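Listed below are the residues making up each chain.
2 protein chains.
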Amino acid sequence: MKELPVQIQLDPEDTRHLYEQIYEFIREEIRSGNLLTGEKLPSSRYLAESLQISRTTVDMAYGQLVSEGYLEARPKRGYYVCEMEGLYDIPAADRILERLPGEGNRCRKNGVSGEAMVLSGERMSAGGKHAENAGKYRYDFSPNAIDMSLFPYMTWKKITKNILVDARSSLFSLGEPQGDRALRVTISRYLHASRGVNCGPEQIIIGAGNDYLLLLLEKILGRHIPVAMENPTYQKACRIFQSFAYPVSFIPMDESGMRTGALRESGAQLAYVMPAHQYPSGIVMPIGRRMELLKWASEREERYLIEDDYDSEFRYRSKPIPALRASDHNDKVIYIGTFSKAIAPAIRISYMVLPARLLRKYRETCSFYSSTVSRIDQAILNEFIRDGYFERYLNKMRKHYHGKQELLLGGLREMEKDFVISGENAGLHILLTDKQNRSEEELQRRAEGAGIKVYPMGDFYMETPPRTNRKAAVILGYGALPSEDIREGIRLLKAAWQG
Amino acid sequence: MKELPVQIQLDPEDTRHLYEQIYEFIREEIRSGNLLTGEKLPSSRYLAESLQISRTTVDMAYGQLVSEGYLEARPKRGYYVCEMEGLYDIPAADRILERLPGEGNRCRKNGVSGEAMVLSGERMSAGGKHAENAGKYRYDFSPNAIDMSLFPYMTWKKITKNILVDARSSLFSLGEPQGDRALRVTISRYLHASRGVNCGPEQIIIGAGNDYLLLLLEKILGRHIPVAMENPTYQKACRIFQSFAYPVSFIPMDESGMRTGALRESGAQLAYVMPAHQYPSGIVMPIGRRMELLKWASEREERYLIEDDYDSEFRYRSKPIPALRASDHNDKVIYIGTFSKAIAPAIRISYMVLPARLLRKYRETCSFYSSTVSRIDQAILNEFIRDGYFERYLNKMRKHYHGKQELLLGGLREMEKDFVISGENAGLHILLTDKQNRSEEELQRRAEGAGIKVYPMGDFYMETPPRTNRKAAVILGYGALPSEDIREGIRLLKAAWQG
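Residue numbers (the working numbering), protein chains in the order written: chain A, 2 to 500; chain B, 2 to 500.
Simulated from the structure, these hints should not be mistaken for lab results.
Errors might be hidden in some of the hints.
Pairs involving identical chains hold if they fit within one copy or between any two copies, as the list cannot separate such chains.
What the hints assert, rightly or not - Calculated pairs, DSSO-like style, for lysine-lysine (alpha carbon to alpha carbon, straight line, at most 30 Å):
(1) Lys436 to Lys397
(2) Lys77 to Lys162
(3) Lys495 to Lys362
(4) Lys237 to Lys220
(5) Lys220 to Lys362
(6) Lys77 to Lys397
(7) Lys137 to Lys472
(8) Lys77 to Lys495
(9) Lys405 to Lys237
(10) Lys405 to Lys418
(11) Lys362 to Lys237
(12) Lys495 to Lys162
Predicted model, so just to flag it, every value in this text is computed and none were measured.
Between the sequences and the hints, there should be enough to build the whole structure, so can you do that?
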């Protein structure tokens, strides 16, 4: 059994949890080349014994490294270092900070620290059927709906009241086109702490929703940009690109996400990806695939990646996975985050982080577009995040949603002979893939017969004609359903599908 | 002296003011063809005597008809009916209401009634110099700044508080893409009462500012639409069209506004006009020119007029002039209004009224774009308008701005030998046209020497090379300046320009 090349020094004074210390140590060993592709790690039992810590702590660290694609777990054999492209490109890090003025030094550290606190984006139901079918179903397992029952309305009201008490006319005057600096500073700090993203407030543009930010991005990028999307994908973003008359290629995915070979063949200049938790498949893109995508983007000046980081804050089984943008040493990732899922869809505040070259283009050609977000709303949100309410709310919701998910998975356990369950590490929906040869239409029809709305995976595939060699799968969202509805809904589904 | 063909019947029970009754009677006589082009009206003295009312009342009615282009005042000769194209097209009226479902009958009346209450839009300073030069000048006569000192902050806070007290999660959920129906109903009523515009709430799209609405309009109208703009014009709208790569033609204006001949020659499909109070010239487009523009638009299916109705609520010398859209019997006007000037730039709420054909296109191709305005903000604004606070605030501000304008005009009286003063019927700025042969550069330089920021008209002209046969003119805005600053600023200007 191979020992780690350097003995891990655990520091009990360190504010980081032990598992974080192990995770970061091994990650740096891999990044620095001390651990090489294909090398086997000590078993978790051996490492736990030699460090005199619990085996669970080691399992958590290994689990995180597997989630992020640094390690691979081979059944009955152990953990191995994965193959990763371009991982040793670290000297180029933080190049952006040298090129742009601002708070560069403040956020040089490239790691992830602090509590899990990650942003989300608004997803629409496939074809907007959710709204259409309201009332037709007893239980709707929509993957888009969120639970507002624990939202701190009183806090929100209190902040609103305080801001209006202090309101001077300046708050009612037109703010900066990119959004108010105070909120951009808060978002840049938040991105650093929760997503490992290092950017200055001058790189952030605040806008009224992701759709608006994409409209603005079209003006920055220009006409006829061929774009690649994952397949299946978030249909609304696809419709928006099509409304720009951007040629869209749909790139098949494997278990790591978008296939880079097919991306290369597509001739796209722009790739739209959801690395933290792909919608709707739930795939977490491992570090190796991330590096391949970053390499693809770095090969041509006009290539960019759009990272839609829509729901990674609700991650249940390990600490959050850093954003793709956090590994982006060549300044090729346009990062888009939103408060639609983490706070409320109604507040209409999203933001994007622009690479330096696109920021210059924005300033030259688009900075006359007025901000689309009210200054009062910006001030309220700023205080909500800055004073820690957002973090507390996210922690509460993560537990709350995790509890709902456990309930759902518990109810589904008896169905495991018929379905593979996946996508349960994060987000507000899971995936059931049929082991028999039933069609999605059949699964959907039977569920409908029992008054249950489920979402067939086929609705999220964009190709024509649809692929036929795909296993039937349906999506079950649980964000908005009360516990009793989840329990009863699953009971009915079981009867409908097994009957 | 010619008598009116039909004796005016004044009704003391009528809720309308006497001058409105006279105004509407004569307008209908002209529209119905009872009074023909070139016919002379009775003198105001004669009409006042025959109706046993004050001459001021008749003068007000005649003044309104002149402002709207129905009558023409020939010095020392009296009032004559103007030439107007296509005025007798009234049977086609309200065609839109027959085509679309909704509250058609509620708003069939085509006239203007109620208190003057008209919307406004945000203007930027030419080249954004206002912000750059902050601190460099003692007094800045910016045409864009507004006065927030009388804004009913307490009322706004009270409404906000009440809405948040009642806040259910529905208020925090994603609303309708066009904006919440309650606010659209309120806006459609307001448009009917204050601007003579008849439209159902289903034709209204609410968005976060005019810039966003133009971005959405591009998606509805499509690519490469040649657009015509007045010259001089609102530069920001021009930059937005140019960012769409729309070919823009700049159409010269005469004293009635955009010249229709040059518009025809331009090959444009879209004409962007500000009929109520052209920015920056202050020209009110008379009914004859309006009819010519509407006729131009009706000749081809793809032609449309964009009516930017940005500041007509601040009209001081007669009741407001109906919107161009109010005379639009062929459904060719895209009406854009905003609350940026009438309430505050920070609230980021504008709206547009779409013709039926474009509304269909919007629904087919763009209705998946989420609303850009927070539902909470929509609810606050809805209550502010619906409960009469907006109307009261506008009335207060109209008096307030009128007082500032009187002060400004009083101070400028001694300069009338050097300048022609114009544009004083509405808005928050006036125009000084030089009678001598000084250049705008000279006027600006001398003003700057005295610490005063004025805005040369040349900055608003779009052609290259600039026209040289134009008289030098500067714009003085007075919206945001306190009375004492206006007084002192004018004193300094006088010394600088006459010295």
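Taking each numbered hint in turn, which are not upheld by the structure, reported in ascending numerical order? 1, 2, 3, 6, 8 and 12
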